[in-house]
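A.B. asks: Each chain is listed here by its residues.
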Amino acid sequence: MVHPQAVLGTRTLFSGQYIVEAENLLKTFGDFVAVNRISFQVATGKCYGILGPNGAGKTTTVRMVYGFSPMSGGRLKVFGLDISRDWRQIKFHIGVCQQENSLDPDLTVLQNLEIFARYFDMPKKEARKKAMELLDFIALKHRLNAPVTELSGGMMRRLVLARSLINTPDLLILDEPTTGLDPQSRHQIWDRLGELQGKGITILLTTHYMEEASRLCDRLIIIDHGLILVEGNPGELIRQYVGGNVIEIARPTGELRSFIQARQLPHEDLGHRLIVYCEDRGELYQRITRDFCKEGCVMRLATLEDVFLKLTGRELRE
Amino acid sequence: MTQGFRIKISRRFLRVWGRNLKVYRKSWKISFIPPFLEPLFYLIAFGVGLSALVGNIRYQGSDISYMSFIAPALIGVSIMYNSFFETTYASFVRMYYQKTFDAMLATPLSLEEVITGEIVWGATKSFIAAAIMMGVISFFGFIRFPEGLLILPLAVLGGIAFGSIGMFFTGIVANIEMFNLPVFLFITPMFLFSGTFFPLENLPQWAQKAATLFPLTHLVNLSRAFSFGQIHISLLWEIGYLLLFSLIFFPLALLKMQQRLIK
Ligand SMILES: Nc1ncnc2c1ncn2[C@@H]1O[C@H](COP(=O)(O)OP(=O)(O)O)[C@@H](O)[C@H]1O
Ligand SMILES: [Mg+2]
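Taken in sequence, the protein lines are chains C and G. Counting from 1, position 137 in the first sequence corresponds to residue 137 in this note's numbering; the numbering is continuous, with no gaps. Counting from 1, position 196 in the second sequence corresponds to residue 196 in this note's numbering; the numbering is continuous, with no gaps.
One chain only, chain G, in its complex shape:
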């Protein structure tokens, strides 16, 4: 009679999403500040401070200013951070300390709906952050419209990808301190080596290859392409990679959370 790995998902996951939205709306004014200030800080520090040293850089055969190079990457990084930190630390607190999931599991919601609701909520936070950052960055004229608007659906896709892997880690860590490990070994290297602050071509060949495994590399490439208005068929590969990543880690997250919570 033991239940195997059976997926029970309906639209009810939106109830869980709705709960998180309700909590978010209570403090939205504060939640809006980081995505608003973050690009400003980075653009000032790197753009103004560093670009004096860097000047223009060569990206895909043309010279562009350093600020316009990093601006779309900042959006990509923010998409990653928002969903990943939501489904790791924040979800862990709800699951472990607040017993929010336990309470939900005494209602008609299934575990799969709870977890899906959390991941989709993570993606929603990525979306909100990307939208705010786009607003700030386009003020500097670094985003071309209407192509730049494609960053919004990209934020959802990237949010699902990073939200899923975050939830996967939540399913396996023994305690909240252990998130330091994936942050240090996965998130931080990606932050630095995904073609974010310098073009990948500056790296040795093997490192370039390794970087193509990072989902952030593809997220940043896409964000940059959309910002520059360089829409090209080859972008489908990058989208495909993020889709594949999500298709692997979303069910894995469900499986690990099921093993963790269904006792």
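Only chain C is shown next, with the shape it has when bound in the complex:
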């Protein structure tokens, strides 16, 4: 395994506090407002998450950041430069994992990296060297001459990650990097990203996996319908919006409902299930299990997912 230092190099194109500064970022498609004047700042060297259900506007937002989509309004600076004027210079220093697989099926694993390096003006020799390092990094060296069409979903995702690192980017943009992967592949990606973070790369990540966000993000926003619902770090948000613990009760009785209501406990009633948010360390839980339900009642630590569902609702999207 190559040390991530070798993969990342040590470049400091930009030494300001925020690598991305978005101010009132707006994107419309005809009359439809996909991103509704949102503002956020990605701190240099940190991982910033954009969370949201399907159709929230995550992809549209990051596409503006990497200069793929023109903005409909607002201001956007990347590396302190203006994306609509200095797009080429900015793109030299960004790595992108797009949501949809865009590996080149006409090429092999190694060629995918080498050809991509050429788009960044890397000399052939350097491209080969860097490609080999990256294949080592993502544990795909043994398949270097395989056509990408023969790779598994997890391998393809790792290759996309490697490809996005080919130019030694200062900012890595990941649009749902682990959606659709099996747990092993997902953890592989997380481990690789963890290593990169350790070396100080800046990441802008979109996801709807809360575990992923909790694990990787230093700071995040939850967006829905193109608007920011909250911003904060994962721990803060959990404490602020749901508290320390969650009690989930299956098939709640009327008595229990009255008990919860009388005590004015923050909760959500899903009909067949009741979710109670509490700071309490077990007293309430004991009371509920003793008096109202012998089984089908569990207490667990609150997670980001509770925050997410509380803020974005539980109805299906799309």
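Just so you know, these hints were derived from the structure itself, not from any lab. The structure presented is a predicted model; accordingly, all values stated were derived computationally and were not measured. Quick reminder that beta carbons are idealized off the backbone N, C-alpha and C, glycines included. Errors might be hidden in some of the hints.
Unchecked claim - With a straight-line cut-off of 27 Å between C-alpha atoms, the simulated DSSO-like cross-links for lysine-lysine are:
(1) C/Lys124 x G/Lys8
(2) G/Lys26 x C/Lys141
(3) C/Lys124 x G/Lys29
(4) C/Lys129 x G/Lys22
(5) G/Lys26 x C/Lys125
(6) C/Lys46 x C/Lys199
Stated by the list, open to error - Ranges of calculated distance between the beta carbons of each label pair, as one might list FRET restraints:
(7) C/Thr28 x G/Asn175: 21 to 31 Å
(8) G/Tyr24 x C/Pro183: 33 to 43 Å
(9) G/Tyr24 x C/Gly153: 35 to 45 Å
(10) C/Gly243 x G/Ile176: 46 to 56 Å
(11) C/Asp136 x G/Ile248: 49 to 59 Å
(12) C/Arg128 x G/Ile248: 38 to 48 Å
(13) C/Ser84 x G/Tyr97: 23 to 33 Å
Given the coordinates of chain C, assemble chain G with the ligands onto it according to the supplied hints.
C.D. replies: Relative to chain C, chain G with the ligands alone:
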């Protein structure tokens, strides 16, 4: 802040061209077969089979064999086919199914460079096909040298013209099946009525006029003139027409692809 129609082209389009060349080289032996066999098939079918019926034909005041009449036209047709089918079906597959352009647009390449790279690649395929066909056809003695060598730059010009209009269609079709329309309404009539298999003078006056609008008519006229070694100042008009056609459809292709892909 919406960006208008702004053209951003640098030499970087060669990177896109290089990607296509790399893929082509992986299967060049197979890619070389059609331009090698095609003229042979046509010359045998039309030349040997038909010329028994047709005999010699009159072209620009002199009698020539039917085979030598169609041979340069076959090169013209091949120039048209190679670039047109490259920037329609093949580019569409890369754009729509393989998301190759999306990946490129996350790098320092601009959309204009991607599209230019594709069109120039189409012209390159025309060039390769024309070169191979020239080799085969000159074996039969139907091409005069050195004038015949002018067919090579002609292939690039024709390739750009047909590659541009092909890319224009790629910018506007809803799905890949819709290419049937321009193929049936534009390419096929040209293939038949551009002075390819019979002299235009055989057509009624109005049809002759209409045929001068076809870029293939001019491509075939030029190819024939170069093959016969009949270089004349009036050929500049034909070259001018192909240039004009390219100058119209190249920016139109960029515009339509921009409208299609920049979201
Ligand atoms: N090119 C487009 N034209 C029209 N609407 C679009 C386009 N791209 C995205 N949208 C709409 O914008 C909204 C946000 O999309 P997107 O950013 O892809 O969401 P997410 O990535 O969060 O799932 C969706 O409602 C989507 O349908
Ligand atoms: Mg998305």
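A.B. asks: The structure should be examined with respect to each hint, and the outcome stated for every one.
C.D. replies: Verification of the hints:
no., hint, in the structure
1, C/Lys124 x G/Lys8, "holds (25 Å)"
2, G/Lys26 x C/Lys141, "holds (21 Å)"
3, C/Lys124 x G/Lys29, "holds (25 Å)"
4, C/Lys129 x G/Lys22, "holds (19 Å)"
5, G/Lys26 x C/Lys125, "holds (20 Å)"
6, C/Lys46 x C/Lys199, "holds (11 Å)"
7, C/Thr28 x G/Asn175: 21 to 31 Å, "holds (26 Å)"
8, G/Tyr24 x C/Pro183: 33 to 43 Å, "holds (40 Å)"
9, G/Tyr24 x C/Gly153: 35 to 45 Å, "violated (29 Å)"
10, C/Gly243 x G/Ile176: 46 to 56 Å, "holds (54 Å)"
11, C/Asp136 x G/Ile248: 49 to 59 Å, "holds (51 Å)"
12, C/Arg128 x G/Ile248: 38 to 48 Å, "holds (42 Å)"
13, C/Ser84 x G/Tyr97: 23 to 33 Å, "holds (30 Å)"
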